[in-house]
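Peer 1: Line by line, the protein sequences are chains A and B. Letter 166 of the first sequence, counting from 1, is numbered 166 in UniProt numbering, and no numbers are missing. Letter 254 of the second sequence, counting from 1, is numbered 254 in UniProt numbering, and no numbers are missing.
Since the hints were derived computationally from the structure, they do not count as laboratory data. The model shown is predicted, which means the values in this text are computed figures rather than measured ones. All C-beta atoms in this analysis are idealised placements derived from N, C-alpha and C, irrespective of residue type, glycine included. Hints are not guaranteed to be accurate.
[Said to hold, decoys possible] As a list, the in silico EDC-like pairs of lysine to aspartate or glutamate whose alpha-carbon atoms are at most 16 Å apart:
| no. | chain 1 | residue 1 | chain 2 | residue 2 |
| --- | --- | --- | --- | --- |
| 1 | B | Lys510 | B | Asp534 |
| 2 | B | Lys51 | A | Asp365 |
| 3 | A | Lys213 | A | Asp107 |
| 4 | B | Lys51 | A | Glu388 |
| 5 | B | Lys244 | B | Asp255 |
| 6 | B | Lys51 | A | Glu386 |
| 7 | B | Lys294 | B | Glu315 |
| 8 | A | Lys425 | A | Glu386 |
| 9 | A | Lys109 | A | Asp45 |
| 10 | A | Lys225 | A | Asp175 |
| 11 | B | Lys51 | A | Asp361 |
| 12 | A | Lys225 | A | Glu242 |
[What the hints assert, rightly or not] What the simulated footprint calls covered on chain A by chain B, stretch by stretch (three residues with Cβ under 8 Å from a Cβ of chain B suffice, anywhere in the stretch; the number is not a length):
| no. | region |
| --- | --- |
| 13 | 90-101 |
| 14 | 371-380 |
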Amino acid sequence: MTVHVQPCAAPAEDPVSRAVRTESGQREVFCGLTGIVWLHRKIQDAFFLVVGSRTCAHLIQSAAGVMIFAEPRFGTAIMEEKDLAGLTDANDELDRIVTQLLTRRPDIKLLFLVGSCPSEVIKLDLSRAALRLSQRFSPGVRILNYSGSGIETTFTQGEDSCLASLVPALPAAQDETSSLLVIGSLADVVEDQFMRMFDALGIGPVQFFPPRKSTALPSVGPNTKILMAQPFLPDTVRALQERGAKRLAAPFPLGVEGTTGWLRAAADAFGIDAATFDRVTEPNRVRAERALGAYKAELGGRRIFFFPDSQLEIPLARFLARELSMQLVEVGTPYLHREHLAEELKLLPAGVALTEGQDVDLQLDRCRLARPDIAVCGLGLANPLEAEGITTKWSIELVFTPIQGYEQAADLAELFARPLVRRAKLVA
Amino acid sequence: MQLTVWTYEGPPHVGAMRIATGMEGLHYVLHAPQGDTYADLLFTMIERRNKRPPVTYTTFAARDLGRDTAELFMTAARDAYARFQPQAMIVGASCTGSLIQDDPGGLAKSLGFPIPVIAIDLPAYQRKENWGAAETFYQLVRALAGPNAPAPGTKRPERAAGVRPSCNLLGPTALGFRHRDDITEITGLLGKLGIDVNVVAPMGSTPADIARLGDADFNVVMYPEIAGQAASWLHRIFHQPFTKTVPIGVSATRDFIQEVTALAGIDPAPMLQASSSRLPWYSHSVDSTYLTNKRVFIFGDATHAIAAARIASEELGFKVVGLGSYSREFGRELREAAKRYDVEPLITDDYLEVEAKVAELHPELVLGTQMERHIAKRLGVPCAVISAPVHVQDFPARYAPQMGFEGANVIFDTWVHPLMMGLEEHLLTMFKDDFEFKDGAMPSHLGTGHAAPVAEAVAAPAAAVATESVATGVAAPDIASATAVAAAAAVWAPEAEKELQKIPFFVRGKARRNTERFANENGVATITVETLYDAKAHFAR
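Go ahead and model the full structure; you've got the sequences and the hints to work with.
Peer 2: What follows is the structure in structure tokens.
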């Protein structure tokens, strides 16, 4: 049993002409600051200092859910009345806080000053602050800035802003040979699986961005080929392209088909022949297909509704529709990048209701009317929908759990099957 | 600016949300950027509410800032009114919303809704969650009950003969620590006394209920942090007296009964004789002997912390070694309470300062919030939660009030369970040579069985060193080197080590810690048998 690995064998619909409903209104999504929650785990010697309000501090605390870490590598410089009223120089205050922080945490090698809604609105220039502080603390600590504010970014866009701010710090590639740069935070276990796969295919050198250590930044140059592991990185791609790198068009590595298409894009770019590609990937494809089989009965024919959250919605919907025969009622995404998602849009079944942006009350009305078997949504909506009898899947788990690649395809299916199994089990 | 990692309180508009979410028929239109909607999950996930909070956010974005954000606000308010048909509306701005100066109050008034629209102005860069809740409740009471106020100078009419006295319960909100169950407990207690509850607010009330607050004879202030300001206003305008005692603990509940019966003109004696809690008997039972002078550290909101200190000291026989609160507004009350237990009051919202204090005092039990639970876990000290901010597990499915006589029962259980039981301590002593038992065995009911926390004795002072140097702004040495320093500072002579082994193992860990501390403080390099007994004498109480 093998899957159709030709990514373009799908409905020949012109993705550009695909109808997309654009909504604006109340949005029930996290802001970009939340990216810190996974970025600080990924870049192990970095610290994220939000320059913001008490709300920002409370958000990060609530989004981190439980306080797993006694002293995590993020914090907030809370602006107070005197900072806004100009009674103190906000820059002096920031210097004081950063000095205090670095004195306390000598292990920090990379410090991000993260802009927030209030710091953006009062136009606090964090890029100048980062420059000034860098001069003071280099070479021991590198200080960069980016915006994670809710007026600029939604949820996963925070990672994009963070990575884009790191691009100027990347060293220039020295030699003429082609190299592959995989961008977007992946769980370490997933990175290692992909690395083994690239090795077996004969693709290399391969680097990952963000790196696990800020002192091991990948190099970039005109011979760098970018493979996006996450769909929410347009600014990072643009910044890398300005350094000469080329993006490989590919679907995202979710499910067997997505992973195969993603690896194939790299293989094609590195001139790996089809026979080698099939020989190397087949055992993994077969194994993943077999693992997925268990979930087909559970999920096949079930109707699913996506509220916008992470921008992973379209690749997820493609996987669920094509590999598990789920019916897509509505696929909401906070933002749709037509170019980066072109390969995905080609694969998405014709006639799917796509929504970009959100007016949450209207969308809830549509969801209630459609009564899907399962709705994918943020934590603010999950329990209210469950109370109305609609089974839900917390979207945030799709960002925090390793779901990419062959070995995780069945885990990804399980994330959707579990709430349905649970509801079926409960009699009281 | 203030550097913070974890915070005890959210911003003031979250306090306003706690009022709105606790009520029915009220809607909150909040001028706020995308992302501030995170606050919904506090209610739907932590409190497990089955409805979305009644809040509409404008969720403006950067592109809106160049356009008309005021229009955005008015559209959101209009849509919210049409969809939710509330009895009253509160409007305001979050921290970023307030920076763009759109005047939500004025804008909402201009829309001419046929319902009361109350503007809540919360200084987001000065104040915090509990203040925001208190201010919102006060503004609601003023706006909704105010029109029914008696004319200035008129006296309250006497209660007609044969009519039962009545009161309002003020202060419970959404996301409050056991507020839901406290309402049930206090309503029951008052009912038994012959006092009716007119309105419970904000929790469970509608704007129409708030408007009839003045009908009651007096007010019960359950949570002064939230209801204090409104109760003072009601006293001034409606001449309604209000209670000062918070009925948490057996003694406080009895004081409370005295207070409300005095306000209602009822004889408290039958009730005081008839009702009590199991707490006093359990405390007197032989099994509780081991609780004597257990050193307890207390931190939380002012109301719960002060009440906990009284219970700990007078009803459980603990020794209060630390008392603190993040409620700066109640600093005076907390300082007064601290004086009673002869401890230095700790009034701070910096959890690192609290952690340093816990490490320094090395208590045997911590009573605190979600933050202290983590601090205690890190330092290997048993802990029970007594106050918000809390975790999903602090919204239990079972009935678990803090107030009244049943609340005292709940408190006895919750605080004592993290400790080893008296009988268990005895048995462990008797069977101490059995191979199953090791030095520092954990209480058997705590899951980890008899896994001894070996590193605890060393880790606690090391953490104290690390956090103390943080507090003083000196670069913190890493834990490993701090441990090395602590270990190097006091070397045990073999015969002293042997003598230590003769001490019953359940106090051996403490003896070791105390001796090392004594040695370090007195510059003793080698701990001899003499040092051991010098330390024992020094710490004897």
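Peer 1: Can you name, in rising order, the numbers of the hints this structure does not satisfy?
Peer 2: Every hint satisfied by this model.
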